[in-house]
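Peer 1: Spelled out from the first residue to the last, the chains are:
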Amino acid sequence: MNSKQLEAKIHEMVEYFHTYDLDGLIGMFADNAVVLNFTNEERIGHQAIRDLLTPYFNKEFGEMHFDLGRFDADESTQTVWQQWTMSLTGPDTVSTFQGVDTFEFKDGLVVRNSVFVKSVEPLTSVAPIEVR
Amino acid sequence: MKREILETKMHEFVEYFHVYDHAKAMDMFAEDAVAHHFTGEKWVGREAIREATRGYFAKEFGEVFFDVGRVDVDEGRNILWSQWVMKLTKDGFTASIPGVDTFEFGEDLLIIRNSVFVKSTKPLTVTTSLVQ
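Heads up: the sequence lines are chains A and B, in that order. Per the numbering used here, the very first residue in the first sequence carries number 1; after that it's consecutive. Per the numbering used here, the very first residue in the second sequence carries number 1001; after that it's consecutive.
Calculated directly from the structure, the hints in this document are not laboratory data. Everything hinted at is true.
DSSO-like mimics (lysine-lysine), calculated; alpha carbons at most 27 Å apart, straight line:
| id | chain 1 | residue 1 | chain 2 | residue 2 |
| --- | --- | --- | --- | --- |
| 1 | B | Lys-1122 | B | Lys-1087 |
| 2 | B | Lys-1059 | B | Lys-1122 |
| 3 | B | Lys-1087 | B | Lys-1059 |
| 4 | A | Lys-106 | B | Lys-1002 |
| 5 | B | Lys-1024 | B | Lys-1059 |
| 6 | B | Lys-1002 | A | Lys-4 |
| 7 | B | Lys-1059 | B | Lys-1090 |
| 8 | B | Lys-1122 | A | Lys-59 |
| 9 | B | Lys-1122 | B | Lys-1090 |
| 10 | B | Lys-1024 | B | Lys-1042 |
| 11 | B | Lys-1002 | A | Lys-9 |
Excised from the complex, chain A in its bound form:
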């Protein structure tokens, strides 16, 4: 796919979020796709990805909306980077988050997706230095 076609895929995906069409969204992923969400949890395969996303589609965190920012595409690796601001609107408040998704495509389907965010508390693993 060229850059325009890759961008169209992203818009299709976002539309599934905005219309709460989880089946439509899951259909864009390969059977064995890997998703790493912003907490770095790894989910592999349709069912695991569905389980991860179900609360969003059930509006457990509120009404969801993505405002898309910069889009970049590496056609040689069929990888896109899409920056966004996600809004979650509840009965009394609206919360916004800034992040970026990377999607790697193969045969028109997402085979890998990883999400990163802005945060003052990055995920950090601490280990003692190995003594040789």
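Once you've looked at the hints, dock chain B against the given chain A.
Peer 2: Chain B only, in chain A's frame:
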């Protein structure tokens, strides 16, 4: 701009971190470059970026090392995305922080825009009330 050129520039930038050469790292930015830190802070201009990054080069957070992983390039837009794990070693411990940088280069090969995102269990959140 060709992938090889942009990848070389990115590795050069990382190398300046590894040898704590603050001046040369900053010389890679355009004078009016904009950098968006993972905390959501925005620094405009080379001097602001220099001041904001001084702590890394002074080893305030420990010895810094970037283990660069996947790299994607949008050749049409002179943009590079690099995934990495930043390792900060201090007082016998190493803190590992996974993240991603995007660099946009000008035709003169200077960085004109940089933005950093991380994994986190606590994304930066702006909440506003809908109650009048």
